[in-house]
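Participant: Sequences listed follow chains D and V, in order. Last residue of the first sequence: 450 in the working numbering, with the numbers rising by one and none dropped. Last residue of the second sequence: 450 in the working numbering, with the numbers rising by one and none dropped.
These are computed hints drawn from the structure, not numbers from a lab. Hints may contain errors.
Identical copies go unnamed one by one, so any copy, or any two together, can satisfy a pair.
Claimed, not checked - Only pairs whose alpha carbons sit at most 20 Å apart, straight line, appear in this in silico SDA-like list of lysine to any residue:
#, residue 1, residue 2
1, 192, 90
2, 346, 84
3, 316, 334
4, 266, 25
5, 192, 336
6, 192, 75
7, 266, 439
8, 292, 432
9, 346, 236
10, 192, 66
11, 266, 119
12, 252, 76
13, 192, 71
14, 316, 218
15, 292, 40
Number of protein chains: 2
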Amino acid sequence: MVLATDLYQLTMMAAYLEFEMSEPATFELFVRRLPRHRAFLVSAGLEQCIQYLSELTFDGDDIDFLRAHEVFANISGRFFERLRAWKFSGNVAGIPEGVPFFPNEAILQIRAPLFEAQLIETYLLSTINYQVSVASKAARVAMAAGDRTCVDFGSRRAHGPQAGVYAARASYIGGMVATSNLLAGKLCGIPVTGTAAHAFTMACPSEDEAFRRYHAAFPDHTTLLIDTYDTLRGAVRATHISGELKGVRLDSGDLAQLSKEVRLILDAEGRDSTRIVASGDLNEYKIRALLDEGAKIDAFGVGTEMVTSKDHPALGGVYKLVSKQVAGVEQAAMKLSPGKATYPGIKQFWRERDDVGRCVRDVMQLASTGAPSPRATPLLVPIFERGECVYSLPDITATRARCQTEIASLPESLLTIEGFGEYPVEVGADVSELMVRLRAEVGE
Amino acid sequence: MVLATDLYQLTMMAAYLEFEMSEPATFELFVRRLPRHRAFLVSAGLEQCIQYLSELTFDGDDIDFLRAHEVFANISGRFFERLRAWKFSGNVAGIPEGVPFFPNEAILQIRAPLFEAQLIETYLLSTINYQVSVASKAARVAMAAGDRTCVDFGSRRAHGPQAGVYAARASYIGGMVATSNLLAGKLCGIPVTGTAAHAFTMACPSEDEAFRRYHAAFPDHTTLLIDTYDTLRGAVRATHISGELKGVRLDSGDLAQLSKEVRLILDAEGRDSTRIVASGDLNEYKIRALLDEGAKIDAFGVGTEMVTSKDHPALGGVYKLVSKQVAGVEQAAMKLSPGKATYPGIKQFWRERDDVGRCVRDVMQLASTGAPSPRATPLLVPIFERGECVYSLPDITATRARCQTEIASLPESLLTIEGFGEYPVEVGADVSELMVRLRAEVGE
């Protein structure tokens, strides 16, 4: 995966080497602003970033491919030899997965020679941007569903097979209880569940027979899809199977109304314990509306809108140079482009809580300044030191549990899917002073 | 990748085996309706589907993972033995990549035992849904840019590293001339180009020095990013480098106005051949607006909006049973759910052109009916026969060229990014009659 990056990262690396720009620099990966309709974001994707940085090397094929590109025609063999021997040697700090965060807070902070820090930008961004998008959307879906369960059903609409696995993972962290994606279960240890599909019903001689066969194969785990032909008739037919029926699924039509009618049909046949699962282009707003209408739905299968974060399909995470060492002296760096200015300096982000543990505010300060108050805890924790991973990655179920706890500790004004407040992230006096000084210097 | 599918595909497979439902069935993968703002879709992703079907097997690990899942507690060992020995044995037809298509036209048509056809649904959908989305969006971007060149810069905002590669591939087919993604270059044979980044400028002692160094390393391939501090000063500094300068890039601010001023600065210094590249959250509408404003831009770097197909980030491709064999007799199948009804039967999709080769209409007919007219050509071509690939995949550059030609042959009313007409896809009398008959039968 070392070539899963932009060409200009490699050209910049070659130029850095050519001009012996080998001193360390610090980059921060952060989001400039919250997408509309998001009160907070949820950290996710760190595990994949750790795997990537741990395993990253150039093999002979990769180097041959680069050498053959005309852009490197004037670059000496020294560059390619350097790539051949290379392994990530830097320090990384990061916000643990499942932790809510806000704009301008570094999700990852990389301290490494420019040569190395540049290479990894594209991969880290694509991994973090996507998983954060999905975890954040999933948190909203879970919030809307309250104590109903939600399951990821979105693999078929994710942006390719890998995105389906990462969506399962990120949405589990953000609040789903399971996924339908088997590979996500195998690779990431997420619970995998499922129902049945229209094709099965259509492949059988009749709907009655389809239900009987499916239940015979999976007597303890059958959730029947009942809307292939006529939903209410399907519900009646579902009650005909002998033995326990775990659930029925509705995937089309007026889900609120149908769920009430189906509930009556099931209850009339003593199927009180049979759960009603709903699916079909659901999102947090539709779930909220269904529950407001009194829908008798016990679980939601959520797909397309969550795995593509459809209302905000691209998180604008960026990776910016905030400090560099020049002749042994650390120099803070900032960009001044209109609307794209950055906060300079190597920072820490502190979260302050009140007596009952509820988050009150975050504070951005230079890392060298120290905690703004005794009760502030740092968001960034060490992940890599000198190229070695020093972070003990929690089990994904523990990460999911942490996410629930952390979200619950946010100000209540943020815990709504619409009309939420804004969480205060204060810029420390040290950072503000640094900005004034740098603007004066580079403004010329 | 065999587990990159939904659990219910495997449970259905187990039930099919249990009830000896081993006869062949036909599924079609299609889109029900065009996303708003799309006059047509572009076929893409077939290469990955072919790779997947060619290589698909269950290894011991996969089978152990499945066996351990509680849902399979009552399933006999025969099922797992069958998986161990399994290889795709079906027939596949498909629309070649780069060909425009319309709703209800099968992009892929799979004929295989239910057991096999079911398994592959999720992977095929996620691959086709995503690549078609991006190829179709890229076609619009290229249309807006006219004879200016457009390059994919979107990897960092794609939904994970694999999506970045697939976006590069699909957008190249749809009309980009290159990508910044090196892995896409290596794996898919797409031209890779790039410029420079803000980090390089910020890492150097000054902007002047950054430009000098980058140009020294890449004398024939330097496109300098000039907006790190002040764009017009950056443009002046770019003219200070000695030797040829291929291009400058603008990534922020009023691109139309800045490009005109930068053009004047470059021309005043005899840099007539230096091209101006623009980037920064571009899409087809912004490109059109820039050109309408007389922007002096020669090339566009397009990222986020294209690789996420941001205005329609999820294509609703579906995979539906259209026919099955029962006791040796073929039976057409259709779904009746409200808004989700399907066209039954094994179909062919015919494209009719006028005397100058311009597309006039498509016709959906049962495959057994034959061509609707002598000048109609079929969209579906053979891809697999009895599990063996029989399709000779064109080089991706040939596919891209075909895409250009095919799009140019669409009715002119479709070749606009706004206010386009609707292309006629006619439902053959044979299909209509079949629908009436089936509705009567299953409607009971």
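Participant: Under a CA distance limit of 20 Å, which applies to residue 346 and residue 84: within one copy, between copies, both, or neither?
Facilitator: Classified as neither: same-chain Cα gap 35 Å, cross-chain 61 Å, threshold 20 Å.
Participant: Is the C-alpha distance from residue 266 to residue 119 at most 20 Å within one copy, between copies, in both cases, or in neither?
Facilitator: Answer is neither: 62 Å inside a copy and 38 Å across each miss the 20 Å cutoff.
Participant: Please work out whether the CA atoms of residue 266 and residue 25 approach to 20 Å or closer within one copy, between two copies, in both situations, or in neither?
Facilitator: Neither way: residue 266 and residue 25 sit 71 Å apart in one copy and 33 Å across, limit 20 Å.
Participant: Is the C-alpha distance from residue 192 to residue 90 at most 20 Å within one copy, between copies, in both cases, or in neither?
Facilitator: Intra 33 Å, inter 17 Å, cutoff 20 Å: inter-copy only.
Participant: How would you label the pair residue 192, residue 66 (within, between, both, or neither) given a Cα cut-off of 20 Å?
Facilitator: The answer is between: 13 Å across copies meets 20 Å, while 31 Å in one copy does not.
Participant: One pair to classify: residue 316 and residue 334, alpha carbons no more than 20 Å apart. Within, between, both, or neither?
Facilitator: For residue 316 and residue 334, neither the intra-copy (46 Å) nor the inter-copy (44 Å) Cα distance is at most 20 Å.
Participant: One pair to classify: residue 266 and residue 439, alpha carbons no more than 20 Å apart. Within, between, both, or neither?
Facilitator: neither (61 Å within a copy, 36 Å between copies)
Participant: Between copies, within a copy, both or neither: which fits residue 252 and residue 76 at Cα up to 20 Å?
Facilitator: between (62 Å within a copy, 14 Å between copies)
Participant: Can you give me the call for residue 192 and residue 71, within, between, both or neither, at a CA distance of at most 20 Å?
Facilitator: between (33 Å within a copy, 7 Å between copies)
Participant: For the identical chains here, do residue 292 and residue 432 meet the 20 Å Cα criterion within one copy, between copies, both, or neither?
Facilitator: neither (35 Å within a copy, 35 Å between copies)
Participant: Please work out whether the CA atoms of residue 292 and residue 40 approach to 20 Å or closer within one copy, between two copies, in both situations, or in neither?
Facilitator: This pair counts as neither: shortest intra-copy Cα distance 22 Å, inter-copy 23 Å.
Participant: Within a copy, between copies, both or neither: which one fits residue 346 and residue 236 at a CA-CA cutoff of 20 Å?
Facilitator: between (54 Å within a copy, 12 Å between copies)
Consistency with the previously given hints fails for numbers 2, 3, 4, 5, 7, 8, 11, 14, 15, ordered from lowest to highest.
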